[in-house]
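Line by line, the protein sequences give chains C and S.
In this text, residue positions in the first sequence follow my numbering: the first is 2, and each later residue adds one.
In this text, residue positions in the second sequence follow my numbering: the first is 4, and each later residue adds one.
Do not take every clue at face value.
Where chain S lies over chain C, by a calculated footprint (3+ residues, C-beta under 8 angstroms) [what the hints assert, rightly or not]:
1) 157-167
2) 334-347
3) 358-371
No wet-lab data here; the hints were simulated from the structure.
None of the values given here were measured: they were computed from a predicted structure.
From the three backbone atoms N, C-alpha and C, an ideal C-beta is built for every residue, glycine too.
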Amino acid sequence: MPREIITIQVGQCGNQIGMEFWKQLCLEHGIGKDGLLEDFATQGGDRKDVFFYQADDQHYIPRALLMDLEPRVINGIKTSEYRNLYNHENIYVSDHGGGAGNNWASGYHQGEQVVEEIMDMVDREADGSESLEGFVLCHSIAGGTGSGMGSYILETLNDRYSKKLVQTYSVFPNQNETSDVVVQPYNSLLTLKRLTLNADCVVVLDNTALNRIAVERLNLTNPTFAQTNSLVSTVMSASTTTLRYPGYMNNDLVGLLASLVPTPRCHFLMTGYTPLTVERQANMIRKTTVLDVMRRLLQTKNIMCSSYARTKEASQAKYISILNIIQGEVDPTQVHESLQRIRERKLVNFIEWGPASIQVALSRKSPYVQTPHRVSGLMLANHTSIRHLFAKCISSYNQLRKKQAFIDNYRKFPMFADNDLSEFDESREVIESLVSEYKACESPDYIKWGMEDSGKSSIVSELDSKLVLISAERYDDPHGLERFDFFSTESFRVMSLPCRPELGVPFPQFHDSNRPFFLSSQRTVSLSFSSRVEYPSIPSNDEISISIQLNKRRKQSTQTSSHDFLKSTQPLIHSLSLSRSYINSSISSLGFSLLLLLRF
Amino acid sequence: MYQMSCPAVQDVHKFGADNSFITKLNLSISNGLPHSIPLSSLKTDEHELVRAVLQMLQGFSSNFFYWDLKLNSFRSEEGIYASHLSQTGLKGLLSPFLLASTCLKRVEMFIKKAESFSQKYPTLSAFANSVHSWLKGLRDIALKKEEALCKSNNAKITTLLDLVNSLSSLFAGAEHLYQVTNEAVSTEFLNSEKNIISLTAAELAVKILNCLFNKLTQVCLVRDGEGDPYKMLIFLFIGSLLPYIQTLDSWLYDGILYDPFEEMFFYANSSVSIDQPSFWETSYLLRQNNAKIMICPLFFHKIGKAIISAGKSLQLVQHIQDQNFVSTQTNKTFDFEIQNLNNDARVLGILTLSDVFLISLVGLFHDSAHIFDHLLKYPIEINENNNNNNNNNNNNNNNNKSWLDFLSDTIQGITKAKTPNSMDFDALCTGNPTITVCKEILQKTPSSWEELNVSRSSRLPPLNDNMLREAVFGRTDLDARSRVSDGTDFQLGFVFDEFERFRLENDRKALESLCAFPTLLPSFPEDKHLSEILPFQKDSTLASKILKFIQNMKLKNSLDPQVVLQECLGACIKRQVDHVGKNILNKLMGEWRLIDELFILRSIYLLGSGDLLQQFLVVIFNRLDKGDSWDDDFELNSILQDSIRNSSDRTLLNAPDSLTVSILNENLNEETDKNLNERNSESNNFGIDAFDKLSFTYKVSWPLDLIANREALKKYNQVMGFLLKVKRAKFVLDKTRKWRWKGRSDAQQAHKHHLLIEQKLLNFVDAFHQYVMDQVYHSAWRELCSGLEASSSLDEVIEVHETYLSSIQRQCFVASDKLMALIASRIKTILGLALDFYNVKQTLRTGGTTQAIKARCETEINRIEKQFDDCVAFLLKILSFKLNVGHFPHLGDLVTRINYNYFYMSDSGNLLNVPKFEGKPKTPAFRPA
């Protein structure tokens, strides 16, 4: 049972990194550019059949599906020296070749249109494998095809192959440079929702970080896409090496990911790779040991995820799980030693709500690829700081959305027809809840998060549990007031608290009168807040997060607030009792008291 | 003497009376009654006595002394007297002589007696021989005295007193010798009439050798004992040791145990053949007596095992070569190799163990040099020596190194013996005038030797009695015997038996080769050992020469026998043992690919090759899940073969079917017999313990199955059984996790605390997996490899492998240690809980809609959580307790991994997040249902 994995590469970026990935695999397995096994590749011991299958003439064909809505990249592949590698039946290019115009909606819609054609290819590949383990999707989340069509494929796969694993390698846009894709925040948000809901594991390849690494670690002044893509292919091949060179453990995808992804949604993995080299850099070769590699993997600068996400609130950010895949001439006795050293030095901050550890998989290395370093390592980590990346997505979305910019492009497509932008809102809610879940993972009480003691209250447990976390963001409103936007997680809800310097404390107010408080569409609730506000210091961060815990209390009707809490202006810990309803009298019947925990 | 009876007096009168003046005077004084004078026949003078005494010392009776058979001692005749000595004085003077003579005589009797046993007891015989030599040496002193006495002839009269003084060392020596023979061989043996020895040959040999050894140890501390007891003992010891050493020699260098009299401290177990796995352990056993005490000379106690192993290793290597020889038929090269192997092994390629021993002895005692190292570099040394001689013409140098003389003698002797054609004429010719004259002619025409050989030329012509013989024996009969000639041929003697004929012919040829011209007998110089005259015998003169040398040598210092043996024998044995060990290790590591085979075992049994069994396991796991039957051997094997064939590591095994699996049915039968309820047997069949029933068999190729034998495979299987449990736990937990991911939109999100349990279980299993890989798979293996590199013999290799096995057993908690069992039960419980958890989850997933089922599942989950917490608390508490972990540092590693983020236990060792650990629970936290 080869435990096959089918790779689907969508869009320009997806096909480019996919191409690099296959190049790398061919090198490692000694497969020539035409798919024939090289003469020297006789050593065996590898599982080529996970990613390849053999045609009748014995040449190896990647289990890959290439899809794009514009022909440029795929034509490039078709004319490259690897043209004979792929099965040409597995290439889909849309007939019109016009692409998706960097429009998620367009990509999604086009995907919908050709779903049968695409799924036919997928089915054919799936039927051709003996014990299909899952799919790997390569795409970017910023453009049109990779994000839109990729999203659609994700949904379809999740639907049709509900038992198969779906892993994606998703390229996140570079936040530091002005992108040519202005609607990138929209696209990202919409794709992120699918990644959250329809993928089992997302390996985040942050272009920001890839660029940074290329500049800083590889000393390239102007890294090209080819160079960053080679980083990506390195990561991709390294993360699959335990599947292709099966060893004592981690020799199937589920085993590899199971310990990395404890909760269904927190499945976004950061990667780190060391030592990185590109050609002609002999002076950068250093002595590598297990400890050295493992230590470097934990350094922010080696992590292929935006560094601002890593440095921000670094003290609170925690690792949910880590898997290090170490290749090369490893002294296995050093592994434990390194683990202990890392623990002693407190180099890793782990979650507190459950047991966690660094797993180390020692993997064989391809005998056909010579690397200058003796030991190299890949880290796959589930780290809560990734939420900052998503928060960033949301905030740039918010900025764009506020201006209602470029929305028209989306309205052209069925999903957003009739000015129904609920998809955006829903996506945002999903991402927000994801952010808050990651945030919750940082607290020791994560297990209690999202669920009430069922004995205490049936109402709360019946409520959508995802309502609980609220994140806030500060910005200046048109009136020159500092405002805090509060986001709940699952059901879209915003309240805006103008920050009045003279009061010192945000004043809750509805932000969007069109979409008032709602917890779930079926229920009307009224809320009352009992909040405790903590001001450890004058807020200096851009972001405030507020967690609200629901307490059961049945309250009659509405009361007008006495604004008690406004009086407490001292910037220290306060416990305020706020019994004010911010709710239209029309939607009142149930009352809750909410505990507001403001943390700056 | 004092009491003179009348007849005696009369006798004196009759025979002894003379008419001397003194007699007459006496008679006149005593009124005719004669003085009570002694019998004149008993009167003697001291000169006579001295001679008689000396003769007595040589073992001869005389007028004055006789051998009393009853008392078994020399006695002096009643009434002898010397004129100028008082009776008491005389008695006093004679008594040491009597005593010494008695001792010597008794020793002589012992020797005679021992000779009658010599056929069966080589060591006894060797002992007797050397005792004999020593005895002869002692008596020679007396003989020389007597000779001197005769020669000096009245020039100076030797008195008894002089003799007592000058022979004091002889007395002491005689006494010692007697004492030693007495002690070495029990007195009962000496005295008994029966020709039966109650001891076995080995026991006797050990007794003799041990006794001599112990005596030596005592004596060596005393400086210059009277009568050279040390020298005597060392002489006897060396002599007695020779047969032992010879047997050892053939064992150590040829791998042949030629021990027909069963003297060695080990014996062959004929029921085990060399190609059986148990060969190494049981083919040669240490000899033990009824009380299970090892029969082994003291000084071999330490190296005994190594010696046995060396011989066995030789046999193994030879067996392989024989097999190759048979299979490839390239006989010459292999012959050559074997020859090479054995020859190289010997010191200088030719010296036997006893040669080395003896030469080293000379070096040690005479030259006070530790020569074994020099011996190995002999040719160079000797050249240097020669150079020195040539340059300085320094005789001293030569004298100082008498061992070198012996050595070159020996080497010449051996090389000569090997090339009998180039006969040394000088050796033949000495004292043979006929040949001396013809020497040159003979040397020129070796072909003429045939003619000279009397045995050939004196041959009678065959008779033409064909007819007669035909009439007597009948034609057909003769044909059947395939006679060479038809008539009676005296060349062949009067023989009717082929074998007899061949034997005679061989005998004659042997004689010819020994002594070229048997008709011309060489002159035998006195005092020459026969072996010295027959120059072409392989086992030449060295032993006798050196023994003689030692006997006559002046010992400079008395060394501890332990040191002597170590220097002279131990070093050589050790060298050979090391050599053989190195040889077999080379074979093991090279040709026999031991590491590769062990690597395969590791890949299979320690699941090192994740792929080899992956498919098999997945299929079996799934069957277990579904509750399908899986106890069909044939089916299991076909799944296994499939799995191996499809695996990327298939090339590891020579053939897919070299690994097979079978089900141990014993447990099952027992349980059905016991009528255990359905559920129980079911849980046994499909529970976490299901894999205990599987037994994997990998055929280890000969001779590596000496190392990885059946016992070892059993241990491997135990470890594997455990690892499979871990694997299964991981498998089911992975599956539950997958359900969780896939069920992300389900309402089951609420089961948050399931998540925690799941996380705990998975973390535990993962940590365990990691730990196993780290400790069992990598660290233990590295230890094994470095151990193998460091080992120098097959025994050590086996030991290293055993250590490896027991270490992985301990690391996998399958050892039978009490603490281990405690820990193992907890770990097994946790692994079982993983399976339980999976089952609950499955129930919830498939049919968990009704409240009742849900509730039951909840309670079940709670139970799992509680048990898990209990177990983990126990484990952490036990394992982080330094005293427990001290012996097993690997357990500390496990704790580190389980508790990596201090979830269960703070850095200071306080339990967190788990229920309070209440000491040692009286009952196990978990009882299997």
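Evaluated hints:
Counting residues of the region 157-167 of chain C whose beta carbon lies closer than 8 angstroms to any beta carbon of chain S gives 3, which reaches the threshold of three, so the coverage claim holds. Only residues whose beta carbon comes within less than 8 angstroms of a beta carbon in chain S count, and the region 334-347 of chain C has 6; three or more means the coverage holds. Counting residues of the region 358-371 of chain C whose beta carbon lies closer than 8 angstroms to any beta carbon of chain S gives 5, which meets the minimum of three for the stated coverage.
Violated hints for the displayed structure: none, as all numbered hints are satisfied.
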